[in-house]
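Q: Here are the chains, one letter per residue:
2 protein chains.
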Amino acid sequence: MALSTKPYKGARDFYPEDKRLQQYMFGTWRRVVERFGYEEYDAPILEHLDIYQAKTSEEIVNDQTYSFEDRGGRAVVIRPEMTPTVSRMVAAKRQELAYPLRWYSIPNLWRYERPQRGRLREHWQLNVDLFGVADCSAEVEMISLVDAIFKEFGAPKDSYELRVNHRALVDYLLGEYLGLKPAATRDIRKLIDRLHKMDRSSFIGKVDKILTANERQKGATEQLLAILDAKKLKDLPLQAQKQPAAQELAELLKQLKSAGITNVSFDGTLMRGFDYYNGIVFEVFDTDPGNNRSMLGGGRYDGLVGLFGVPPVPTVGFGWGDVTLMNFLGAHDLLPKLHTTTDVYVVLVGDSSQGAQKVIATLRNGGLNVAVGASNKKIGDQFKIADKKGIENVLIIGKNELEKQRYTLKNLVSGQELELDDKAIVASLKKAAKAKL
Amino acid sequence: MALSTKPYKGARDFYPEDKRLQQYMFGTWRRVVERFGYEEYDAPILEHLDIYQAKTSEEIVNDQTYSFEDRGGRAVVIRPEMTPTVSRMVAAKRQELAYPLRWYSIPNLWRYERPQRGRLREHWQLNVDLFGVADCSAEVEMISLVDAIFKEFGAPKDSYELRVNHRALVDYLLGEYLGLKPAATRDIRKLIDRLHKMDRSSFIGKVDKILTANERQKGATEQLLAILDAKKLKDLPLQAQKQPAAQELAELLKQLKSAGITNVSFDGTLMRGFDYYNGIVFEVFDTDPGNNRSMLGGGRYDGLVGLFGVPPVPTVGFGWGDVTLMNFLGAHDLLPKLHTTTDVYVVLVGDSSQGAQKVIATLRNGGLNVAVGASNKKIGDQFKIADKKGIENVLIIGKNELEKQRYTLKNLVSGQELELDDKAIVASLKKAAKAKL
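Chains as they are written, first to last, in this note's numbering: chain D, 1 to 437; chain E, 1001 to 1437.
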């Protein structure tokens, strides 16, 4: 029986045209984060299971990991996220590294989920982390960086919006203001995280099940709803506004405003799934009604490096998936037209292969990317092949051309034909390539 | 108990300095293969187990794969090699693709082996494949491409040597010339593949065990040794030299010679482990006595695409691992000195952070990569941090500088200090960066 040509479910093959788009997205990510002084790192896709058991969400570890035992009996996982890995790497060189430390990576991550729009089993994710900055200038930099990336992709300001919240503020509101017990606080927090996936009445029903009769009677449900409906910090109860966490959020919003970033607002319903966040958290949403979902998120996780037996390091980071980015660029018509990397297709006529090698070498040494056609095919067919490959220029080399040392360069888009020597071909094609940038 | 900071055994963390070297190697690979008209593709790291069971070597599939059952009961593998994947992808679009098809990829691959010099459990591998060319011009292009990559890395011609053989010639010599049965042919072929890992007498002992008493009496062992000792095609028995396979090898050597590639020779002991090769096979060896091993290899595998239920496609390809390349570059002193991507480190003095944002934005918009220091640290300490990060330039921004709109740019290597406005800083640093290329 023939083997299946399909890739593994929920994962993608990248044919050259797909890979080009990926390279465009990754290249743009890299350019902007490096402009902010971040350096690239990487790590193995396999990790020991225990680094996720500590602080990644239970749902991911228990139900969504690609975990197995290796041939030596080790419990291993194909990484579902990068944060535990980067924390491990920083911990390993805690003393040698110079802070503030700015690192990024674009790893592929795996989660066993039902594949759907915006969610696949394998995706790539830009991970950016700033280690060693305890005050909110770290969050200001992170959010400014995210904003700069959107701009670099050509995204209009009204195409995305940033939302921020603070874990300590959530804990205060649920634990102290509403007076819930730790277990109830945690359950309510997880419920709020799924708020947008249910209607209001079913949310209220679930809240009521978590609260005690006494809490319900005191009006905790209504108070909770009022908190979640707050559109600004000023809509929160006064006591809450006085909390350091609320003041830090206000400072963040102020600094972002002065940096010209105004499409950012407080959102008390923003939770972020991971257990390790302990400070400001943020997400960016697509404003397109057809694609109105969280595209990326991050926050402060000061405790993770410390789990590896070294003193903790204050850290802020975010992750941005390639699938949500691609959907966003598509929805807002921001996908560029990308061309093959090949500059010219050499059409060999007759038995000219041997003689053509020197010309081809001159072109390549001149910095051109040159593909050579199969000489046993008709000229017309070779033209069609070049066209199908999206290569704009063909160069015809036959016995006559080799004798004259002048070759016909044809542009398949404009139809223009030039007869040139090898040096002039290099100059002409490099000029054309430059004009396209 | 604290979590371990070690990566998974036999796999590597890539700190920024390691990642830089990887990017240099991958970038050089990409540049040269694209110059030959190859386009990049990619695919999921997880594949269905059955695509390896067909034609990858038994040893790899049974003993060295990272295979497991996913949560849906599918038998999956973290890919141990890329060839079955690329064949699957070509088969999936067999009719739409335009041949000759030139594809490359730099996947990470996993094999459960004892980690040792040159072999790790995770490694990256340049995979280059040319689909749709049946004659040996495909092999000429592949080997020319490999040679061009060595040159691009600055490798002297005497630092590596290419060796070629032909699977059909091996089959002829063992099956027809020596008259061995198919099973014995296969066993002897696998034994020759491990020839360099044993001494001559133990090799002879193992050969004698595979041969029948009759074959041994007829002198098959001595004939086999004479074949394996052949340094040139002309050293082979006359009947063998007349075989189409031998003539194809002679043609390949002739064409390579005319292309200026002379460090290539026939090697009758060259087998290549994979079962799918069916024509010319080749390997490249490091000539350094301390590192005298195969660095890369490839060959013709015309049958693999056809396993996916479509007509077969003639194919030649090779794989080149990052670990062997790195060892080679190290042994021959070809590793370049690589610098951080960050151009300048901004040292904030006092409460200048807010005011400095405009200057920093001007630098970044000018194309510079700018990291910002933590303003709560002393100036001297901030200089030390920049130095430790390998960032050559620091820019000092304090209240005075902001008032004058002129800032001190200091080169930490030369010690030179300049007082410039923001535009002049961009110009100065871009000029310095350009001079370094």
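By construction, these hints were calculated from the structure, which means they are not laboratory data. Some hints here could point you the wrong way.
[Unchecked claim] Using 27 Å as the maximum straight-line C-alpha spacing, the simulated BS3-like pairs for lysine-lysine come out as follows:
1. D:K337 <-> D:K358
2. D:K151 <-> E:K1378
3. E:K1431 <-> D:K254
4. D:K434 <-> E:K1231
5. E:K1257 <-> E:K1231
[As the list claims (entries may be wrong)] Selected chain E positions facing chain D (in silico; Cβ < 8 Å):
6. E1039
7. R1071
8. D1351
We put the CB at the ideal spot given by N, CA and C, even for glycine.
Q: Hints first: check each against the structure and report whether it holds.
A: Going down the list of hints, with the structure as the test:
1. D:K337 <-> D:K358: Violated, at about 33 Å.
2. D:K151 <-> E:K1378: Roughly 34 Å separates the two Cα atoms, so the pair is violated.
3. E:K1431 <-> D:K254: violated (37 Å)
4. D:K434 <-> E:K1231: Roughly 49 Å separates the two Cα atoms, so the pair is violated.
5. E:K1257 <-> E:K1231: Given pair K1257 (chain E), K1231 (chain E) holds - Cα atoms ~17 Å apart, limit 27 Å.
6. E1039: holds (4 Å)
7. R1071: At 5 Å from the nearest chain D Cβ, R1071 (chain E) passes the 8 Å test, so the hint holds.
8. D1351: Since the shortest Cβ distance to chain D is 12 Å, the answer is violated.
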